[in-house]
Amino acid sequence: MENFDKENATNFLKNAMSRRGFLGAAGAVAATGALAACGTGGSTSAPASSGSAAAAFPTDVSDTEKIVRWANWPLYLDFDDAAKTYPTLDAFAAASGLAPTYKEEIDDNATFWGKVNGQLKTGKDIGFDIVTPTDWMASRFIQYGYAQPLDAAKVPNKTNILDGLANVSFDKGRNYSLTWQSGFAGIVWNKEKVPNGIQSVEQLWSDELKGKVTVLSEMRDTMGVILLSLGIDIAAGITEAQWQQGLDLMNEKLGDNSIYKVQGNEYSKDLISKKAWAGIVWSGDVFVLNAENDDQWGFALPDSGGTLWSDNMLIPSTSSHQSNAMALMNHYYDPAVAAEVAAYVNYICPVKGAQAEMEKIDPELATSEFIFPTSETLKKASVFPALDSAAEQSFTDSWATTIGV
Amino acid sequence: MAFAHALGDSSTSSGAPTTKAKRKLTPYLLLLPGGLWLGIFFVIPIFILFMTALQTPLPDGLPGQYIQTFTFSNFTEVLSRPQFLDALRRSFTYASLATLLALAIGYPLAYAIAFKAGKYKNIMLIMVIAPFFVSFILRTIAWRQILGDEGPVLDVMRFIGLASETTSVYPSSFSVVAGLAYNFLPFMTLPIYSSLERMDVRLIEASGDLYAHGLTTFRKVTLPISLPGVVAGTLLTWIPSAGDYINASLLGNQRTTMIGNVIDSRFLGNVDYPTAAVLSFTLMLSILILVSLYVRRTGTDELV
Numbered sequence: 001m002e003n004f005d006k007e008n009a010t011n012f013l014k015n016a017m018s019r020r021g022f023l024g025a026a027g028a029v030a031a032t033g034a035l036a037a038c039g040t041g042g043s044t045s046a047p048a049s050s051g052s053a054a055a056a057f058p059t060d061v062s063d064t065e066k067i068v069r070w071a072n073w074p075l076y077l078d079f080d081d082a083a084k085t086y087p088t089l090d091a092f093a094a095a096s097g098l099a100p101t102y103k104e105e106i107d108d109n110a111t112f113w114g115k116v117n118g119q120l121k122t123g124k125d126i127g128f129d130i131v132t133p134t135d136w137m138a139s140r141f142i143q144y145g146y147a148q149p150l151d152a153a154k155v156p157n158k159t160n161i162l163d164g165l166a167n168v169s170f171d172k173g174r175n176y177s178l179t180w181q182s183g184f185a186g187i188v189w190n191k192e193k194v195p196n197g198i199q200s201v202e203q204l205w206s207d208e209l210k211g212k213v214t215v216l217s218e219m220r221d222t223m224g225v226i227l228l229s230l231g232i233d234i235a236a237g238i239t240e241a242q243w244q245q246g247l248d249l250m251n252e253k254l255g256d257n258s259i260y261k262v263q264g265n266e267y268s269k270d271l272i273s274k275k276a277w278a279g280i281v282w283s284g285d286v287f288v289l290n291a292e293n294d295d296q297w298g299f300a301l302p303d304s305g306g307t308l309w310s311d312n313m314l315i316p317s318t319s320s321h322q323s324n325a326m327a328l329m330n331h332y333y334d335p336a337v338a339a340e341v342a343a344y345v346n347y348i349c350p351v352k353g354a355q356a357e358m359e360k361i362d363p364e365l366a367t368s369e370f371i372f373p374t375s376e377t378l379k380k381a382s383v384f385p386a387l388d389s390a391a392e393q394s395f396t397d398s399w400a401t402t403i404g405v
Numbered sequence: 001m002a003f004a005h006a007l008g009d010s011s012t013s014s015g016a017p018t019t020k021a022k023r024k025l026t027p028y029l030l031l032l033p034g035g036l037w038l039g040i041f042f043v044i045p046i047f048i049l050f051m052t053a054l055q056t057p058l059p060d061g062l063p064g065q066y067i068q069t070f071t072f073s074n075f076t077e078v079l080s081r082p083q084f085l086d087a088l089r090r091s092f093t094y095a096s097l098a099t100l101l102a103l104a105i106g107y108p109l110a111y112a113i114a115f116k117a118g119k120y121k122n123i124m125l126i127m128v129i130a131p132f133f134v135s136f137i138l139r140t141i142a143w144r145q146i147l148g149d150e151g152p153v154l155d156v157m158r159f160i161g162l163a164s165e166t167t168s169v170y171p172s173s174f175s176v177v178a179g180l181a182y183n184f185l186p187f188m189t190l191p192i193y194s195s196l197e198r199m200d201v202r203l204i205e206a207s208g209d210l211y212a213h214g215l216t217t218f219r220k221v222t223l224p225i226s227l228p229g230v231v232a233g234t235l236l237t238w239i240p241s242a243g244d245y246i247n248a249s250l251l252g253n254q255r256t257t258m259i260g261n262v263i264d265s266r267f268l269g270n271v272d273y274p275t276a277a278v279l280s281f282t283l284m285l286s287i288l289i290l291v292s293l294y295v296r297r298t299g300t301d302e303l304v
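As given, the protein sequences belong to chains Z and V, one line each in that order. In case it helps, the numbering used here puts the first sequence at residues 1 to 405. In case it helps, the numbering used here puts the second sequence at residues 1 to 304.
Don't take every hint at face value.
As the list claims (entries may be wrong) - Straight-line alpha carbon distances no greater than 20 Å define the calculated EDC-like cross-link-like pairs of lysine to aspartate or glutamate that follow:
hint : chain 1 : residue 1 : chain 2 : residue 2
1    : Z       : Lys191    : V       : Glu150
2    : Z       : Lys269    : V       : Glu150
3    : Z       : Lys380    : Z       : Asp303
4    : Z       : Lys380    : Z       : Glu369
5    : Z       : Lys274    : V       : Glu165
6    : Z       : Lys253    : Z       : Glu208
7    : Z       : Lys269    : V       : Asp155
8    : Z       : Lys210    : V       : Glu150
9    : Z       : Lys193    : V       : Asp149
10   : Z       : Lys210    : V       : Glu165
11   : Z       : Lys210    : V       : Asp149
12   : Z       : Lys193    : V       : Glu150
13   : Z       : Lys210    : Z       : Asp248
14   : Z       : Lys103    : Z       : Asp80
15   : Z       : Lys352    : Z       : Asp334
16   : Z       : Lys191    : Z       : Glu292
17   : Z       : Lys269    : V       : Asp149
18   : Z       : Lys193    : V       : Glu165
19   : Z       : Lys352    : Z       : Glu369
20   : Z       : Lys352    : Z       : Asp362
21   : Z       : Lys253    : Z       : Asp207
22   : Z       : Lys379    : Z       : Glu369
23   : Z       : Lys191    : V       : Asp149
24   : Z       : Lys253    : Z       : Asp397
25   : Z       : Lys121    : V       : Asp60
26   : Z       : Lys360    : Z       : Asp80
27   : Z       : Lys274    : Z       : Glu292
28   : V       : Lys220    : V       : Asp200
29   : Z       : Lys274    : V       : Asp149
30   : Z       : Lys191    : Z       : Glu208
31   : V       : Lys119    : V       : Glu197
32   : Z       : Lys380    : Z       : Asp163
33   : Z       : Lys274    : V       : Asp155
34   : Z       : Lys274    : Z       : Glu192
35   : Z       : Lys158    : Z       : Glu357
36   : Z       : Lys103    : Z       : Asp81
37   : Z       : Lys193    : Z       : Glu208
38   : Z       : Lys274    : V       : Glu150
39   : Z       : Lys154    : Z       : Glu65
For the record, the hints were derived by calculation from the structure and aren't laboratory data.
Generate coordinates for the entire structure from the input sequences, incorporating the hints supplied.
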């Protein structure tokens, strides 16, 4: 009984605070603060001319200052509820002699950017030696010259990264970043309302589902899935015309009320209340929802494909503890450590060999498609391509206009 | 007002020359903290906001990089996009409807607390304020369940035949207005309550003695006395409602977007600072104009 309650409570917490759960809620609140505080923020812009700003990073003082400060998303690292400690982080501290500080500081990419970009521009310490933004934001860090290069000799485990993640478009060869965890955007359906399941995006537009479909407000995930359903290979890059094709489909489906709402993580409430019967959502959320609501939902990558997003560890340009940061990254790319983390967070583990290690911890989780997707599943997932500056501005603008903001 | 009053007082008061000088300084010293606060946290940010509104993207720059170009055409360009104007119009419509709804609920509530609650007065007051102990966002999300397709509101409406199986109220403009009215109800109720509570009950008796009906008494006595509370309450409800974006984002959809949602998305999501600044500036200016018209009409003398 006690066990049951504890599990329930943990699940509740996870749901309430799941990594993306903050997008809507906390992001919205923080926005007010950011609006007031940032004023011009990054706007008056001394051009941090992309790439070439590699000039002056702080001198590495790792030898004298034995610390490493890490900013990550909520509930994204194995946590011992009883002892109130992070076991894998403690193991790192014991082995390396460093004193790591871990903060659940990022609850929204855009808000986090709003918080730190002013300091990054002026070269003032943002208080972190590792930050963990999502792909497109990691891309922005690298483009702005706000990420420091990794030294392969100091991160020998770097080679353990999954092949599919080793050459992402925003960081070919992973010279600046390493994947922390990944997840899918695909299709969810309520098993009771849609007993036959959903295999394709087209099925979302059927008459039975009119007004019952929710899609993500995260542009890259929704548009990725939509464009793939139109037969466009997004990983190869997206042209203006293809983008417009996707927007036309969105406009049509929003216009005839097939899609009743475009939203962030709050869609989970609508799934529970059965307002939404199906939609384009994130895999990790469905995992948690099913765990606490009797397996009510099915999740699949549509035949045409889904998207694969990742959060990436990188060293911000203002850090002067580069070596310590790389030691920590190296620690988490040890398969045994990665498995320990994955058993807790339930996202896709980016480290080769972790699956074998997971067998020792929890054989059931070792076969979980949510943590260790088969190569067949991975084949169906595409990474949204990095956009050049002009395309990003035009795409985000037309996307916002399409979804009414 | 208070400022002029204080100055007037000190100049007419008698006393030794030194204390007189000191007294002359006093009002300024008293104003200093508030003045500094306003200067640092209001005037300067407004100025920065205005300057941001006049920026243009850095040629060949990254998203979020802008240069100061004093491009006043930003205003005409942004304000000619029908989508933004719709959002602006919607904000004011929703805020006005929510304010009327809150007034319709809040006034009787305040009246009941002030005159009819007896020993339950304090408990009722606490009940008005208690929702504040729960996060604004959580309370708003709860409304999704209440207004959901299988929620209690629709259940009742279906039972009495007001809704069919396919009717839904969330997401819609109705649910957004309902959410706004609910969330700002205490701001309406409390000022009205405080002006009613100070009212001398004997005035109502006197009115009755002069053969006024209940309704006439309310119209000629109670309402005028509570008017400052009503004006304060409507302002405290309408202004934050017009800028709110939580209700529209949680209880509405792409058809019920308010201007706050647009500013939020353009500023944080699209890092389009000039557009967001133009919209913020326009929103503030429109609120200022509308509020001053309203206040001029209703009169503020009793407010202070």
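Status of the hints after comparison with the structure:
no.: 1; hint: Z:Lys191 to V:Glu150; result: holds (17 Å)
no.: 2; hint: Z:Lys269 to V:Glu150; result: holds (13 Å)
no.: 3; hint: Z:Lys380 to Z:Asp303; result: holds (7 Å)
no.: 4; hint: Z:Lys380 to Z:Glu369; result: holds (13 Å)
no.: 5; hint: Z:Lys274 to V:Glu165; result: holds (14 Å)
no.: 6; hint: Z:Lys253 to Z:Glu208; result: holds (14 Å)
no.: 7; hint: Z:Lys269 to V:Asp155; result: holds (19 Å)
no.: 8; hint: Z:Lys210 to V:Glu150; result: holds (17 Å)
no.: 9; hint: Z:Lys193 to V:Asp149; result: holds (14 Å)
no.: 10; hint: Z:Lys210 to V:Glu165; result: holds (14 Å)
no.: 11; hint: Z:Lys210 to V:Asp149; result: holds (14 Å)
no.: 12; hint: Z:Lys193 to V:Glu150; result: holds (14 Å)
no.: 13; hint: Z:Lys210 to Z:Asp248; result: holds (18 Å)
no.: 14; hint: Z:Lys103 to Z:Asp80; result: holds (15 Å)
no.: 15; hint: Z:Lys352 to Z:Asp334; result: holds (9 Å)
no.: 16; hint: Z:Lys191 to Z:Glu292; result: holds (15 Å)
no.: 17; hint: Z:Lys269 to V:Asp149; result: holds (12 Å)
no.: 18; hint: Z:Lys193 to V:Glu165; result: holds (15 Å)
no.: 19; hint: Z:Lys352 to Z:Glu369; result: holds (15 Å)
no.: 20; hint: Z:Lys352 to Z:Asp362; result: holds (17 Å)
no.: 21; hint: Z:Lys253 to Z:Asp207; result: holds (12 Å)
no.: 22; hint: Z:Lys379 to Z:Glu369; result: holds (13 Å)
no.: 23; hint: Z:Lys191 to V:Asp149; result: holds (18 Å)
no.: 24; hint: Z:Lys253 to Z:Asp397; result: holds (19 Å)
no.: 25; hint: Z:Lys121 to V:Asp60; result: holds (18 Å)
no.: 26; hint: Z:Lys360 to Z:Asp80; result: holds (19 Å)
no.: 27; hint: Z:Lys274 to Z:Glu292; result: holds (15 Å)
no.: 28; hint: V:Lys220 to V:Asp200; result: holds (14 Å)
no.: 29; hint: Z:Lys274 to V:Asp149; result: holds (8 Å)
no.: 30; hint: Z:Lys191 to Z:Glu208; result: holds (14 Å)
no.: 31; hint: V:Lys119 to V:Glu197; result: holds (14 Å)
no.: 32; hint: Z:Lys380 to Z:Asp163; result: holds (15 Å)
no.: 33; hint: Z:Lys274 to V:Asp155; result: holds (14 Å)
no.: 34; hint: Z:Lys274 to Z:Glu192; result: holds (10 Å)
no.: 35; hint: Z:Lys158 to Z:Glu357; result: holds (17 Å)
no.: 36; hint: Z:Lys103 to Z:Asp81; result: holds (16 Å)
no.: 37; hint: Z:Lys193 to Z:Glu208; result: holds (10 Å)
no.: 38; hint: Z:Lys274 to V:Glu150; result: holds (8 Å)
no.: 39; hint: Z:Lys154 to Z:Glu65; result: holds (17 Å)
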